[in-house]
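Visitor: Protein chains in written order, with the working numbering: chain A, 1 to 97; chain B, 98 to 699.
Bear in mind the hints are in silico, worked out from the structure with no lab data behind them. Since the structure is predicted, the reported quantities are computational estimates derived from the model, not experimental observations. Errors might be hidden in some of the hints.
As the list claims (entries may be wrong) - Derived pair list, reagent style DSS-like, types lysine-lysine, alpha-carbon separation capped at 30 Å:
1) A/K79 - B/K523
2) B/K647 - B/K628
3) B/K214 - B/K289
4) B/K227 - B/K287
5) B/K489 - A/K36
6) B/K600 - B/K227
7) A/K79 - B/K489
8) B/K489 - B/K523
9) B/K300 - B/K135
As the list claims (entries may be wrong) - Covered by chain A, according to a simulated footprint, are these stretches of chain B (three or more residues, beta-carbon under 8 Å):
10) 271-279
11) 475-489
12) 523-531
Note that the Cβ used here is the ideal one computed from N, Cα and C, for glycine as well.
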Amino acid sequence: MTQATATTEIFAIEAIQTWMVNQIATQLSIPAANIKVSEPLTRYGLDSIDSVTIVGDLEDWLGEDLPSTLLWDYPTIAKAASYLVEEIGVSPAAEAA
Amino acid sequence: MHPLKHYWVAEALERDLGDPLNPDSMMSFKQVVDLDEKEEFPHDIVNWLYNWNLHHHYIPAECGGEFTNFEEFVAFVRVLSRRDLTAGIAFTTMFWSFLVWMAGTDEQKRRLASFMKDQHGAMCLSYSEKAHGSDLLGGDVTATQVPGGYLLNGEKWPINRATISGVTFVLARTDDAGGARSLSLFMVEKSKLDEKTYTHLPKILTHGIRGSDMSGIRFEDAFVAEDARLGAEGAGLELALKGFQITRALCAAFSQGAADTALRTTLKFAMKRKLYGKTVFDMPQPRRVLTDAFLDVLIGDCATIGAARGFSVAPEQFSVWSAVVKYFVTVKLEAMVTDVSAVLGARFYMREEFEFGIFQKTLRDVAIISMFDGSTVVNLHALLLQMRQLAKYRARNKERNPEVLNARLETSFGLDKPLPPFDGRKLELVSRGADDVLQGLPLALTQLASLKADKSLTPEVLHQVTTFTEMIQAELDSLDAHVTASSFEYGHDQSPESFEMAKQYCTLHTAAACVHMWLYNRHHLGDFFAKGEWLALSLRRLMLTFRREKDLPPRLDDAAIAQELIRLYSEDRMFSIVPFQLAPAQPETASEPSQTLQLQAK
Ligand SMILES: Cc1cc2nc3c(=O)[nH]c(=O)nc-3n(C[C@H](O)[C@H](O)[C@H](O)COP(=O)(O)OP(=O)(O)OC[C@H]3O[C@@H](n4cnc5c(N)ncnc54)[C@H](O)[C@@H]3O)c2cc1C
Numbered sequence: 001m002t003q004a005t006a007t008t009e010i011f012a013i014e015a016i017q018t019w020m021v022n023q024i025a026t027q028l029s030i031p032a033a034n035i036k037v038s039e040p041l042t043r044y045g046l047d048s049i050d051s052v053t054i055v056g057d058l059e060d061w062l063g064e065d066l067p068s069t070l071l072w073d074y075p076t077i078a079k080a081a082s083y084l085v086e087e088i089g090v091s092p093a094a095e096a097a
Numbered sequence: 098m099h100p101l102k103h104y105w106v107a108e109a110l111e112r113d114l115g116d117p118l119n120p121d122s123m124m125s126f127k128q129v130v131d132l133d134e135k136e137e138f139p140h141d142i143v144n145w146l147y148n149w150n151l152h153h154h155y156i157p158a159e160c161g162g163e164f165t166n167f168e169e170f171v172a173f174v175r176v177l178s179r180r181d182l183t184a185g186i187a188f189t190t191m192f193w194s195f196l197v198w199m200a201g202t203d204e205q206k207r208r209l210a211s212f213m214k215d216q217h218g219a220m221c222l223s224y225s226e227k228a229h230g231s232d233l234l235g236g237d238v239t240a241t242q243v244p245g246g247y248l249l250n251g252e253k254w255p256i257n258r259a260t261i262s263g264v265t266f267v268l269a270r271t272d273d274a275g276g277a278r279s280l281s282l283f284m285v286e287k288s289k290l291d292e293k294t295y296t297h298l299p300k301i302l303t304h305g306i307r308g309s310d311m312s313g314i315r316f317e318d319a320f321v322a323e324d325a326r327l328g329a330e331g332a333g334l335e336l337a338l339k340g341f342q343i344t345r346a347l348c349a350a351f352s353q354g355a356a357d358t359a360l361r362t363t364l365k366f367a368m369k370r371k372l373y374g375k376t377v378f379d380m381p382q383p384r385r386v387l388t389d390a391f392l393d394v395l396i397g398d399c400a401t402i403g404a405a406r407g408f409s410v411a412p413e414q415f416s417v418w419s420a421v422v423k424y425f426v427t428v429k430l431e432a433m434v435t436d437v438s439a440v441l442g443a444r445f446y447m448r449e450e451f452e453f454g455i456f457q458k459t460l461r462d463v464a465i466i467s468m469f470d471g472s473t474v475v476n477l478h479a480l481l482l483q484m485r486q487l488a489k490y491r492a493r494n495k496e497r498n499p500e501v502l503n504a505r506l507e508t509s510f511g512l513d514k515p516l517p518p519f520d521g522r523k524l525e526l527v528s529r530g531a532d533d534v535l536q537g538l539p540l541a542l543t544q545l546a547s548l549k550a551d552k553s554l555t556p557e558v559l560h561q562v563t564t565f566t567e568m569i570q571a572e573l574d575s576l577d578a579h580v581t582a583s584s585f586e587y588g589h590d591q592s593p594e595s596f597e598m599a600k601q602y603c604t605l606h607t608a609a610a611c612v613h614m615w616l617y618n619r620h621h622l623g624d625f626f627a628k629g630e631w632l633a634l635s636l637r638r639l640m641l642t643f644r645r646e647k648d649l650p651p652r653l654d655d656a657a658i659a660q661e662l663i664r665l666y667s668e669d670r671m672f673s674i675v676p677f678q679l680a681p682a683q684p685e686t687a688s689e690p691s692q693t694l695q696l697q698a699k
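Can you build the whole structure from these sequences, using the hints too?
Guide: Quick look at the structure:
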């Protein structure tokens, strides 16, 4: 991997993490600062079906079909974002702008 | 034979079971009421059905059976359920086999098909636990990995057919960390268990379906081999939720069978019973109750049959369709049975009088359908979590790809159209905002506009159908706006108001299903169906949920509805948009002169 792709990936992962944190903070009416990307989402009162609906919102934002069980298999924001960028090759740069 | 071949199995089964009023028939009202009084499992009936090879219709062709599609399935389950919900449900626990047809390996499918066909085996579903009810992830039953397989521990309760079954599908925790991937699903063949490692729990006494084997099962270090697991470890919740999409929609067939008997029995009473020199049916108020009940059956039909076919067309949308049908059809028909009980009068409360007391039994039995296999709140909850997505998708996709949508709707609703085979692997946990039925409203309005030149239609009927369809669209738009504007809660903190919104969604989906059903079948389901008065009256009935009576177009004269009801009754046909032939009723005895002919002659 070149230095440039690694940097792009880091930006992409951060963009997805930021989006998810904000999305969940807004929906749950809690400060974004209280949400840790390394914590399982269930910690914030989200249950299994909620995490499927969050994937729906994520699909809308990214404009890509994602596995609806994404957050079951990657249950933290950090894990999900890395998976999306590193395994599926999602690049949210344009949307995040 | 019926021109629609999906109704052949149902008609043949009817013919061979015979008139339920004849005590000598298999599944006669007398037999099933007697069994119910004794709280006895209907072994003879279940054996008869196996000998008839009905179980072949629960097994897909590629696994050696004769299952074609769910439209055929719904029709024969109605035949069973109009006679006896206890036996109908007991036999139909075999629909859990779809878990294996959907997610099993070839070897698991072969084993299950052979168990059903060669051993006349039955299965049950062990999901619920006494302490956790609907909270599947909260369950305490565990499957601990050991060399070659797993050890099961814990108790499942209340389970229908837990004792009288050879296979049970057990949802068990395989990961102590919890979460959506913590459950796995096992096809547990009791014959392979060490007998010392499991026990059946005592029969649970119930309000209705009293002959059912309601019990439970307890495992103590019960070893199951690795090849008992369905799908991957951790796939249990996903498979359970997808399996429910199949069985929940099919539960509507139980309610429709029961509703038929409630209406048929009450109608017969109303036509025979003379008061003040006329029959009860001749009095406007009771007649209205019965014709409205008939409309409820037709409304339920449009949703149930549309969904039964839709499984083959839009399986990826069934997280929505199935929740709608399970909630709406079962709840409405339960209410309908209660409505007609007022016409039956005192006899509704008696357990022997009038037709062997079948009404009282039906009334008790039908009350469970909206509750088991995902209760009303559980279904509404599943739906309301998707309502934001549904509203968003509709806003974005207005008028997009109308030809594709039209073709899909035509296959789902056009009963004369061939259906592609059902593929359970295409079920999805969420529908990603898609719901053909409601998204098809603009298309339906275009089709209605093109019918203005159709001479066979009464202008007033077409006008009303169009007006009501516009109203459905307007209510949907306003619901979407409301959903989009309202705050959204995750988890189980949804407001009571959001449950009400989900109910409205179900009503609108069902109303749209009625419109599609009519539009795609106007030329082959007979005059009564084609004329569409039933549709205008049904839509009016549904729109009363949203608008005041005085804000709606006036109620059309329902004489044609009453006449059709009597026709189907006197010709022994199912009350349905597809009124297939039932077993002919025995001639009345001399002491009870039939008034059917007099009424027809009017
Ligand atoms: C005749 C019969 C047959 C059955 N057959 C089977 C079977 O074969 N296999 C099987 O596994 N189970 C079976 N069950 C069990 C049935 O599915 C359970 O009763 C069901 O899981 C609900 O559990 P519960 O009644 O303990 O209610 P709980 O889950 O404890 O719920 C209690 C109440 O909480 C509220 N509630 C629950 N969830 C929600 C929600 N999401 N949103 C809002 N409110 C909610 C509702 O008011 C609900 O009534 C059967 C039950 C009966 C009566």
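Visitor: Does each hint fit the structure? Answer for all of them.
Guide: Here is what the structure says about each hint:
no.: 1; hint: A/K79 - B/K523; result: holds, 27 Å
no.: 2; hint: B/K647 - B/K628; result: holds, 25 Å
no.: 3; hint: B/K214 - B/K289; result: holds, 18 Å
no.: 4; hint: B/K227 - B/K287; result: holds, 22 Å
no.: 5; hint: B/K489 - A/K36; result: holds, 28 Å
no.: 6; hint: B/K600 - B/K227; result: holds, 28 Å
no.: 7; hint: A/K79 - B/K489; result: holds, 27 Å
no.: 8; hint: B/K489 - B/K523; result: holds, 23 Å
no.: 9; hint: B/K300 - B/K135; result: holds, 13 Å
no.: 10; hint: 271-279; result: holds (count 4)
no.: 11; hint: 475-489; result: holds (count 6)
no.: 12; hint: 523-531; result: holds (count 5)
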